[in-house]
Amino acid sequence: MNRLADRPSTTWVVEDHDLVRSLLTSWFASRGHRVRSCDPCDPDAFDEIAPDALVVLDLCLGRRNGVDVLQALADRHFSGAIILISSFPDAVIETARRVGIDFGLHVAGALSKPVPFDRLDALLDSIERPTSAPGSGSASAPRLGEALAEHRVTFHYQPILDARTFEVCSVEMLARLFDAAGRPISVAAVLADASAEDVRGLALLAIADAARLGFYLRSRGIDPLPTSINVPSSFIQRRHIGPVIDALDRAGPPLTFEVSELDSFGDLHEARRATTSAVLHGLRFSLDDFGTINSNIDRLVQLPFEEVKIDRAFVSGCADDPFRDAVCRSVVQLARLRGAVVVAEGVESFDDLDHLCELGVDRVQGYLFSRPLTAEAFADWILARACEDRSTATRGHEHDAGGEIQ
Amino acid sequence: MNRLTDPAETASVAGQVFLDRLAHLRRRFVERAREDAAAFRALRDRRRAGEPLEGELLLTLTRRAHALAGSAGVFGFEPLSEAAHRLERMLRGPEAGEAELEPLFDRLDAELSALDSADPTT
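Respectively, the protein sequence lines represent chains A and B.
Numbers in the numbering used here are just positions in the first sequence, counted from 1, shifted up by 241.
Numbers in the numbering used here are just positions in the second sequence, counted from 1, shifted up by 38.
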């Protein structure tokens, strides 16, 4: 059974301020939780916390701090959800969240004080909902290898649009996985536990599927679109890319490999040879999730990337947040200097879209236009847009807002 | 549907229990404002008596300001939370000089006194 399918056995409130602790305790109790609190300074306090509990953790705890507690939970192989709360600045809360993730813990959310109870409410809903588990390391998460062997992997397709004309210029393929009972499962959770070999297996499946998508679109009267496929850094070796290049000339749309940020290149020299020769054969490389983890300026300089994708963490809210704005601005500048195309992913609001267009982003992708769709829905979406283009001469936001089919 | 299993019914009952509890905790927070004010004054006096703002004194002050900033915010006392936040930021900053600190202490003291004299039920 999925560990997040039910309400956590117990909710532990780890907060040193007695009145705030009482408040949180009674709030969770009012939601029907069985609540306990513990003295964060007692080193044995965490032994009682069940592995599937929910831990609500204040970061500043007198002599002890939130990082000590995260460490203690990790040492005890805690696998439940953790919610961080703090009145420290957002940047501190965010890095604390990442510390938890580094420990292999499932940090479901991080909230700043004063605790917004409506957001806490929404967060709990997402924790208690079985299909939204974003965490990793769950004992019950199926192996990617098994899912591949049992054909429980499909792909969805999300359009990438020209930021000036809003024409669809390419499509990104995104894997969807299902458990043995056919229920959707979190791709992130499965990928976090997957072997490099299985992740490469997934990339190969995607390459084969890209050709199928091309044939399918043609059967619906649509010209095949350049297609982006996510590949891990470990794929960027001549022995893996060679066979892809051999197949490139035969059929299918132009391919772009979006190199994920998660793993680092084992052998940079090999990666450089592999990418350079692949580029000479017509393959494109895109630096995915730029600005996060291993997706950094050094990578942009070392390899022949023709595209940079700004991570959604910096795109979402860039119109209002000076830091996100500065990141997007710098990425555009850096990419220009490298002659690379800039794609903003995760565009979800008109304000952000306007802002990104002003900054000179070349392409946009996100729920504002369309979520990832099945091949059939994707073709419908393209055809519906083509109809609209014929029936309306106007271009702009209203036009695009009407374009999403869901 | 059984009255006790009706989620809407249960939620509204639980909601009222929570609101009563919140009101109670809020009163206790206000009652404690006097203690907090005294504690800050004592720490401030040590500083005024010439004790350098470092080590245990700095740590205690910073922790108290942080705790007050967070808890005042949680219980809805925004001006007090903001005053404590400002003091905390200054204490964590590179230089916390007399000229910068004194007005922040004054402000915090004023907010705590205002809370202490206010009607805790409002």
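Bear in mind the hints are in silico, worked out from the structure with no lab data behind them.
Check the hints yourself; a few may be wrong.
[Claimed, not checked] Some, not all, of what chain A presents toward chain B, calculated at C-beta under 8 angstroms:
no., residue
1, 258
2, 263
3, 264
4, 268
5, 274
6, 277
7, 352
8, 356
9, 357
10, 574
11, 624
12, 628
[What the hints assert, rightly or not] Take a look, some chain A residues computed to stay more than 12 angstroms from chain B by CB distance:
no., residue
13, 266
14, 267
15, 304
16, 353
17, 358
18, 410
19, 423
20, 427
21, 433
22, 446
23, 486
24, 565
25, 573
26, 625
[As the list claims (entries may be wrong)] Derived DEER-like restraints, expressed as beta-carbon distance ranges:
no., chain 1, residue 1, chain 2, residue 2, range
27, B, 127, A, 511, 44 to 50 angstroms
28, B, 127, A, 436, 42 to 48 angstroms
29, A, 357, B, 65, 21 to 27 angstroms
30, B, 131, A, 629, 54 to 60 angstroms
31, B, 65, A, 332, 53 to 59 angstroms
32, B, 53, A, 508, 56 to 62 angstroms
33, A, 421, B, 53, 38 to 44 angstroms
34, B, 65, A, 283, 26 to 32 angstroms
Even for Gly, the Cβ is constructed at its ideal location relative to N, Cα and C.
Here's how the hints hold up against the structure:
Checking residue 258 of chain A against chain B: minimum C-beta separation of about 5 angstroms stays under 8 angstroms; hint holds. Interface restraint check for residue 263 of chain A: the shortest CB-CB distance to chain B comes to about 6 angstroms, inside 8 angstroms, so the restraint holds. Interface restraint check for residue 264 of chain A: the shortest CB-CB distance to chain B comes to about 5 angstroms, inside 8 angstroms, so the restraint holds. The criterion of a C-beta within 8 angstroms of any C-beta in chain B is met by residue 268 of chain A, whose closest approach is roughly 6 angstroms, and the hint holds.
With 8 angstroms as the threshold, the beta carbon of residue 274 of chain A stays out of range of chain B, its nearest partner Cβ sitting at about 10 angstroms, so the hint is violated. Among the interface hints, the one on residue 277 of chain A is violated; its C-beta lies about 17 angstroms from the nearest C-beta in chain B, farther than the 8 angstroms criterion. Contact between residue 352 of chain A and chain B, as hinted, is not supported at the beta carbon level, the nearest pair being about 11 angstroms apart and thus beyond 8 angstroms. Given hint, residue 356 of chain A at the interface with chain B, holds; its Cβ is 6 angstroms from that chain's nearest Cβ, closer than 8 angstroms.
For residue 357 of chain A, the interface hint is violated, the least distance from its beta-carbon to any beta-carbon of chain B being 10 angstroms, above 8 angstroms. For the restraint placing residue 574 of chain A at the interface with chain B, the shortest Cβ-Cβ distance is roughly 31 angstroms, beyond the 8 angstroms limit, so the hint is violated. Taking 8 angstroms as the C-beta cut-off, the interface hint given for residue 624 of chain A is violated, the closest approach to chain B being about 43 angstroms. Contact between residue 628 of chain A and chain B, as hinted, is not supported at the beta carbon level, the nearest pair being about 44 angstroms apart and thus beyond 8 angstroms.
For residue 266 of chain A, the condition that its CB be more than 12 angstroms from all CB atoms of chain B is violated, with the nearest at approximately 9 angstroms. In this structure residue 267 of chain A is not separated from chain B by more than 12 angstroms, as the shortest Cβ-Cβ distance comes to only about 4 angstroms. Non-interface status of residue 304 of chain A relative to chain B is broken: a Cβ of that chain comes within 12 angstroms, the nearest being about 9 angstroms off. Not every Cβ of chain B is farther than 12 angstroms from the Cβ of residue 353 of chain A; the closest lies at roughly 9 angstroms, contradicting the non-interface assignment.
A Cβ of chain B approaches the Cβ of residue 358 of chain A within 12 angstroms, the least distance being about 9 angstroms, so the stated non-interface status is violated. Its beta-carbon lying about 47 angstroms from the closest one in chain B, residue 410 of chain A satisfies the requirement of being farther than 12 angstroms from that chain. With a cut of 12 angstroms on Cβ distances, residue 423 of chain A stays outside the contact zone with chain B, its closest approach being about 28 angstroms. At roughly 27 angstroms from the closest C-beta of chain B, the C-beta of residue 427 of chain A stays outside 12 angstroms, upholding its exclusion from the interface.
Taking the minimum C-beta to C-beta distance to chain B, about 32 angstroms, the non-interface status of residue 433 of chain A holds against the 12 angstroms cut. For residue 446 of chain A, the shortest C-beta to C-beta distance to chain B comes to about 43 angstroms, beyond the 12 angstroms cut-off, and the non-interface label holds. Its beta-carbon lying about 55 angstroms from the closest one in chain B, residue 486 of chain A satisfies the requirement of being farther than 12 angstroms from that chain. Every Cβ of chain B is farther than 12 angstroms from the Cβ of residue 565 of chain A; the closest lies at roughly 22 angstroms, confirming the non-interface assignment.
Distance check on residue 573 of chain A: its Cβ is at least 33 angstroms (rounded) from any Cβ of chain B, clearing the 12 angstroms threshold; non-interface status holds. Separation of residue 625 of chain A from chain B is adequate, the least Cβ-Cβ distance of about 39 angstroms exceeding the 12 angstroms criterion. Judged by the Cβ atoms, the range 44 to 50 angstroms given for residue 127 of chain B and residue 511 of chain A holds: they are separated by roughly 49 angstroms. For the pair residue 127 of chain B and residue 436 of chain A, the beta carbons lie near 47 angstroms from each other, so the given range of 42 to 48 angstroms is met.
Take residue 357 of chain A and residue 65 of chain B: their Cβ atoms lie about 23 angstroms apart, and the range 21 to 27 angstroms holds. For the pair residue 131 of chain B and residue 629 of chain A, the beta carbons lie near 56 angstroms from each other, so the given range of 54 to 60 angstroms is met. For residue 65 of chain B and residue 332 of chain A, the Cβ-Cβ distance of about 35 angstroms falls outside the hinted range of 53 to 59 angstroms, so the restraint is violated. Between residue 53 of chain B and residue 508 of chain A the Cβ separation comes to about 59 angstroms, which falls inside the hinted range of 56 to 62 angstroms.
Checked against the given bound of 38 to 44 angstroms, the beta carbons of residue 421 of chain A and residue 53 of chain B, roughly 40 angstroms apart, stay inside it. Distance hint for residue 65 of chain B and residue 283 of chain A: a CB-CB separation of about 29 angstroms, consistent with the stated range 26 to 32 angstroms.
Of the hints listed earlier, those the structure fails to meet are numbers 5, 6, 7, 9, 10, 11, 12, 13, 14, 15, 16, 17, 31, in rising order.
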